[in-house]
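Number of protein chains: 2
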Amino acid sequence: MEYPSKLIEDAVNEVSKLPGIGKKTALRLVLHLIKENENKTLALTESLNKLRTQIKFCKTCHNISDDDECAICRSHRRDKTIICVVEDSNDVMAIENTSQYSGIYHVLGGVISPMNGVGPSELKIESLVSRLSDKQCEVKEVILALSPTMEGDTTAFYINRKLKDLHVKVTSIARGISVGSELEYSDEITLGRSITGRTLFD
Amino acid sequence: MEYPSKLIEDAVNEVSKLPGIGKKTALRLVLHLIKENENKTLALTESLNKLRTQIKFCKTCHNISDDDECAICRSHRRDKTIICVVEDSNDVMAIENTSQYSGIYHVLGGVISPMNGVGPSELKIESLVSRLSDKQCEVKEVILALSPTMEGDTTAFYINRKLKDLHVKVTSIARGISVGSELEYSDEITLGRSITGRTLFD
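Sequence lines, in order, name chains S and F. Take 1 as the starting number for the first sequence in the working numbering and just add one per residue. Take 1 as the starting number for the second sequence in the working numbering and just add one per residue.
Just so you know, the hints here were simulated from the structure itself, not pulled from any lab data. It cannot be assumed that every hint is accurate.
Given that identical chains are not distinguished, each listed pair holds provided it fits within a single copy or across any two copies.
As the list claims (entries may be wrong) - Lysine-lysine pairs mimicking DSS-like chemistry, simulated, CA-CA at most 27 Å apart:
| id | residue 1 | residue 2 |
| --- | --- | --- |
| 1 | 35 | 24 |
| 2 | 80 | 56 |
| 3 | 164 | 23 |
| 4 | 6 | 80 |
| 5 | 17 | 40 |
| 6 | 40 | 23 |
| 7 | 6 | 124 |
| 8 | 35 | 50 |
| 9 | 17 | 6 |
| 10 | 124 | 24 |
| 11 | 17 | 59 |
| 12 | 6 | 56 |
| 13 | 162 | 50 |
| 14 | 50 | 23 |
| 15 | 80 | 17 |
| 16 | 35 | 17 |
| 17 | 124 | 40 |
| 18 | 17 | 50 |
| 19 | 59 | 35 |
Remember, it's a predicted structure, so these values are computed and weren't measured experimentally.
With the hints as constraints, model all of the structure from the sequences given.
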C-alpha cells in the first residue's frame with residue numbers, strides 16, 4: 001500500500017503494532033483522527049502518555065494501582081485470609097465484576113511459557129512465596145485462578161509445588177460447562193472434567 | 001466495569017472513542033501498552049501527534065499531502081485531462097493500488113448526507129467547479145467514483161448537475177458483479193445494473 005504522506009505511513013506503522021490491529025484498521029483509525037478535531041488526538045495521546053509514565057503497581061499484590069498500594073489491598077472490608085492468584089490485572093477486573101469474591105489478589109504478570117521465553121523467575125512467584133512466608137501473614141487459602149491452558153496448568157502445578165511446605169490450602173477454580181452453553185457442543189475434556197468435578201445438587 | 005486506576009479509565013475512555021473499538025478492546029490495547037516498554041507508547045503517541053498537527057492537504061485536489069501540493073498533482077506523468085472525484089483520501093489510495101488510473105483526483109471530503117448534517121457546502125464541490133471553470137484547465141472528463149449508496153448517488157447527481165454547463169464529459173465507475181463472486185449470491189439491484197450496463201465481450 002502506498003500512502004500519500006510519510007506522516008500517515010509512520011502513524012499506520014505505529015498503530016498496527018497494537019495487538020489485533022492490522023494495516024487496514026490502522027489506516028482507518030488514522031484517517032478518522034485526521035478528520036476529527038485536533039484536540040481529540042491530543043487528548044488521546046496525552047492520556048496514553050500519562051498512563052504509561054504514571055501508572056504504578058501495588059507493592060503487595062502487583063495489581064495496577066494509582067498508589068503504591070492498591071485499593072483492594074488497602075481495604076479493611078476484604079478478607080485477608082484468602083489470596084486469589086491470577087495471570088493479569090484484567091483477570092482481577094473480571095473476578096471483581098462477578099461480585100463473588102471478597103478476598104485479596106496476587107497478580108503474577110504472566111504464566112510460565114518456555115515457548116515465549118517466560119520462566120518462573122520472570123513472574124511474581126517468589127513474591128507470592130515470601131508474602132505467604134511472612135510471620136504476620138493470615139492467609140489460609142490460595143485460589144489458583146489461571147486459564148485452563150497448558151501454560152496456565154504448568155504455572156498452577158509449579159506454584160502448588162512451591163507452596164507445599166507453607167501449610168496453606170491450595171485450591172483451583174472449577175472447570176466445567178459454561179453457564180448457558182449446550183452440553184452436546186462442549187469439548188470432551190471440559191465435559192469429562194465437569195463429571196469428575198461434579199458437586200452436590202442444591 | 002470498575003478499573004483499578006483512574007489512568008486506565010481515562011485511557012480506555014479515550015481509546016474507545018475510536019471507530020470500531022469498544023471498551024473491551026480498548027482495555028486490551030491499554031493493558032498491552034502497560035506491559036510493553038515505555039518507549040513504544042511514546043513512539044505511538046508522538047507519531048499520532050505529529051500526524052495530526054503537521055498533516056497538510058493538497059490545495060488543488062484536497063488529498064492528504066506532505067506539502068501544499070500533493071505528489072499526484074505535482075507529477076508530470078499524470079494525465080491532467082481526467083479528474084477522478086472521490087469521497088476520501090483512502091479512496092485515492094484504493095484506486096492508486098489498482099494501477100489502472102493515471103489521471104488526477106479531486107477529494108470531496110465526504111458525501112452529501114442530510115442525516116449527518118453534511119450539505120453540499122461542507123464538501124469541496126465548489127472547489128471542483130472553480131477548478132474546472134479555470135481558463136487554463138485541460139480537463140476533458142470527470143469520473144465520479146463514489147460509493148453506490150444513497151448518499152453517494154445523491155452526491156454524484158448533485159455534482160453532475162453542477163457541471164452541466166462546463167462542457168466536460170461526466171462518467172461514473174461501472175457497477176456490476178464483483179470479480180470472483182458468485183452470480184446467484186449477488187443482490188438483484190447489482191445484477192440488474194450489471195445487465196443494463198453490459199459491455200462488449202473482448
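Taking the hints in turn, this is what the structure says about them:
1. 35 x 24: both (17 Å within a copy, 24 Å between copies)
2. 80 x 56: within (22 Å within a copy, 58 Å between copies)
3. 164 x 23: neither (49 Å within a copy, 40 Å between copies)
4. 6 x 80: Between. Shortest inter-copy distance 24 Å satisfies the 27 Å Cα cut-off; intra-copy 55 Å does not.
5. 17 x 40: Answer is both; intra-copy 21 Å and inter-copy 9 Å each pass.
6. 40 x 23: both (22 Å within a copy, 17 Å between copies)
7. 6 x 124: Classified as between; 24 Å across copies, 42 Å inside a copy.
8. 35 x 50: both (24 Å within a copy, 15 Å between copies)
9. 17 x 6: Intra 17 Å, inter 25 Å, cutoff 27 Å: intra and inter.
10. 124 x 24: Classified as between: cross-chain Cα gap 26 Å, same-chain 37 Å, threshold 27 Å.
11. 17 x 59: neither (30 Å within a copy, 32 Å between copies)
12. 6 x 56: between (35 Å within a copy, 11 Å between copies)
13. 162 x 50: For residue 162 and residue 50, the Cα distance exceeds 27 Å both inside one copy (37 Å) and across copies (50 Å).
14. 50 x 23: both (26 Å within a copy, 19 Å between copies)
15. 80 x 17: neither (40 Å within a copy, 38 Å between copies)
16. 35 x 17: This pair counts as both: shortest intra-copy Cα distance 22 Å, inter-copy 13 Å.
17. 124 x 40: Classified as between; 24 Å across copies, 38 Å inside a copy.
18. 17 x 50: The answer is both: 20 Å in one copy and 17 Å across copies each meet 27 Å.
19. 59 x 35: between (43 Å within a copy, 16 Å between copies)
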